[in-house]
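Asker: Top to bottom, those sequences are chains A and B.
Start counting the first sequence at 3; every next residue gets the next number (the working numbering).
Start counting the second sequence at 8; every next residue gets the next number (the working numbering).
Bear in mind the hints are in silico, worked out from the structure with no lab data behind them.
Watch out, some of these pointers could steer you wrong.
[To be verified] Short derived list, chain B residues pointing at chain A, Cβ under 8 Å:
#	residue
1	G119
2	G149
3	D177
4	A179
5	P180
6	V187
7	T191
8	S192
9	P211
[Said to hold, decoys possible] Listed next, with one range per pair, are the computed distances between beta-carbon atoms:
#	chain 1	residue 1	chain 2	residue 2	range
10	A	E102	B	F246	50 to 58 Å
11	B	R196	A	G39	19 to 27 Å
12	B	P90	A	F65	44 to 52 Å
A virtual CB, placed ideally from N, CA and C, is assigned to each residue, including glycine.
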Amino acid sequence: MESLEHILAEHSFAKELDARYLGLLVGCASNVRFDAGQFIFREGEEAKQFYLIRHGKVALELFAAPAGEIQIMTLGEGEVLGCSWLFSPYRWKFDARATEPTLAIALDAQCLRRKCEADHDLGYELLKRFAVMIEQRLDSTRLQLLNAYDTHA
Amino acid sequence: MVPALFLVDHVRRETRDTTTVELVSVANGQGMRFAAGQFNMVYVFGVGEVPMSITGDPGRPERLIHTTRSVGAVSVAIGKLKPGDVVGIRGPFGTAWPLQEAGGKDIVVVAGGIGLAPLRPALYHIRANREKYRNVFLLYGGRTAGDLLYVKELERWWSESVFRIEMTVDRAPASWHGTVGVVTSLIPRISVDPKQSVALVCGPEIMMRFTARELERYGMEQTQISVSLERNMKCAVGFCGHCQFGAKFICRDGPVFRADKIVPLLGMREL
Numbered sequence: 003m004e005s006l007e008h009i010l011a012e013h014s015f016a017k018e019l020d021a022r023y024l025g026l027l028v029g030c031a032s033n034v035r036f037d038a039g040q041f042i043f044r045e046g047e048e049a050k051q052f053y054l055i056r057h058g059k060v061a062l063e064l065f066a067a068p069a070g071e072i073q074i075m076t077l078g079e080g081e082v083l084g085c086s087w088l089f090s091p092y093r094w095k096f097d098a099r100a101t102e103p104t105l106a107i108a109l110d111a112q113c114l115r116r117k118c119e120a121d122h123d124l125g126y127e128l129l130k131r132f133a134v135m136i137e138q139r140l141d142s143t144r145l146q147l148l149n150a151y152d153t154h155a
Numbered sequence: 008m009v010p011a012l013f014l015v016d017h018v019r020r021e022t023r024d025t026t027t028v029e030l031v032s033v034a035n036g037q038g039m040r041f042a043a044g045q046f047n048m049v050y051v052f053g054v055g056e057v058p059m060s061i062t063g064d065p066g067r068p069e070r071l072i073h074t075t076r077s078v079g080a081v082s083v084a085i086g087k088l089k090p091g092d093v094v095g096i097r098g099p100f101g102t103a104w105p106l107q108e109a110g111g112k113d114i115v116v117v118a119g120g121i122g123l124a125p126l127r128p129a130l131y132h133i134r135a136n137r138e139k140y141r142n143v144f145l146l147y148g149g150r151t152a153g154d155l156l157y158v159k160e161l162e163r164w165w166s167e168s169v170f171r172i173e174m175t176v177d178r179a180p181a182s183w184h185g186t187v188g189v190v191t192s193l194i195p196r197i198s199v200d201p202k203q204s205v206a207l208v209c210g211p212e213i214m215m216r217f218t219a220r221e222l223e224r225y226g227m228e229q230t231q232i233s234v235s236l237e238r239n240m241k242c243a244v245g246f247c248g249h250c251q252f253g254a255k256f257i258c259r260d261g262p263v264f265r266a267d268k269i270v271p272l273l274g275m276r277e278l
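Between the sequences and the hints, there should be enough to build the whole structure, so can you do that?
Answerer: Right under this line is the structure:
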């Protein structure tokens, strides 16, 4: 059976992460699995974990009346689910639902925040990775907002 | 400059506001030879004339095929055409997708919305000459599932595994099982040698700018990326100046441009 450290090392989030920091992450990590249709977390709940998706697909959804539930983004293999664990008050801003059977590595938020406070180099490595991800998603969101396909926009 | 008469032979509704018309020449019952990426000026008598990309198979020119989105008076009129109607055609005009130069390389085709229409001839050509190219990816995005073009054809191509197809929509209801996100978010899913690749991109200009940026982030140079532009055109022969874009005429120097020549101009308000 593959070790969690090996599984974590193979995820794109941990690419080129020093072995020492990988070891620190493993201490907060666990393997998780979600069935198709299962909610991983709901808007407003405490962001106790974030997830590195190994396999499957997760939809980020918002309820917007009168349209109902709207999918605003899907995430798949190799992507990261959740950054609200980084920012107080550590509450999820969306629903996340597995749209197909999904395997992920869950990382405990409190455990990781404690380790980052104790080891700022670890914190910097993680924040560098999250900063790139957030920048890319901000770019995508801006393009979505522009509603570029609407000729009357 | 004089339009040739073409008979509407078949009409197909692609989406709620997009229509494909198949035309044959009144003179000889044939279509038109063209290179993938070129366009015609389509004249609806009594209404007006607009540029439209040729969207059929360049290897099967027996019918002249155009897909249009109903936006202005002429395109709305084209959307209402019936078999037996007659239109005027001038063309083909403009530059083609660099499919010769792409030989032996990986190809990434990125289409946004109606932008798949000008790219479809290139996809037909790649499919018919598959052995000439290495890995081929089609990344296609639309606003919603109902706005995606040529869905049945894409499903057939996907089942043939001729090239890898990834699709996404900007927004979807909870019942949607596909990918949601902008088309640029599909770029990390490709697996090509960025130094031995060619990218063909078409869609809204802002989408092409973002796509070029993401492809550069992937490792490509702008010289490897081609985009297709659309602007108001009148003469289509580089004479009237309506389509002038900087020092270029879209009708004569385009519509297909190498990204390094044109993308830096796309953000200039004065143009």
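Asker: Given the hint of 50 to 58 Å, check if A:E102 and B:F246 actually sit that far apart at their C-beta atoms.
Answerer: Between A:E102 and B:F246, where Cβ atoms are some 56 Å apart, the hint holds.
Asker: Against chain A, is B:T191 within 8 Å by beta-carbon distance?
Answerer: 6 Å, holds
Asker: Given a cut of 8 Å on the nearest C-beta pair, is the interface hint for B:D177 held or broken against chain A?
Answerer: 5 Å, holds
Asker: Holds or violated: the 19 to 27 Å window for the beta-carbon distance between B:R196 and A:G39?
Answerer: Given range 19 to 27 Å: holds, Cβ gap about 24 Å.
Asker: Does the Cβ-Cβ separation between B:P90 and A:F65 fall within 44 to 52 Å?
Answerer: 46 Å, holds
Asker: So, as I understand it, the hint says B:P180 touches chain A; can you test that by seeing if any CB pair is closer than 8 Å?
Answerer: 7 Å, holds
Asker: Would the hint on B:S192 be counted as holding, given a Cβ-Cβ threshold of 8 Å to chain A?
Answerer: 5 Å, holds
Asker: Is the hint on B:G119 kept, meaning its closest Cβ partner in chain A is under 8 Å away?
Answerer: Nearest chain A Cβ about 7 Å off; hint holds.
Asker: Quick check on the hint: B:A179 CB to chain A CB, less than 8 Å?
Answerer: 4 Å, holds
Asker: Hold the hint about B:P211 up to the distance rule: shortest CB distance to chain A must be less than 8 Å.
Answerer: 4 Å, holds
Asker: Close enough to count: is the Cβ of B:G149 nearer than 8 Å to one in chain A?
Answerer: 6 Å, holds
Asker: Double-check B:V187 for me: the hint is only fine if its C-beta lies closer than 8 Å to a C-beta in chain A.
Answerer: 4 Å, holds
Violated hints are absent here; each numbered hint is respected by the structure.
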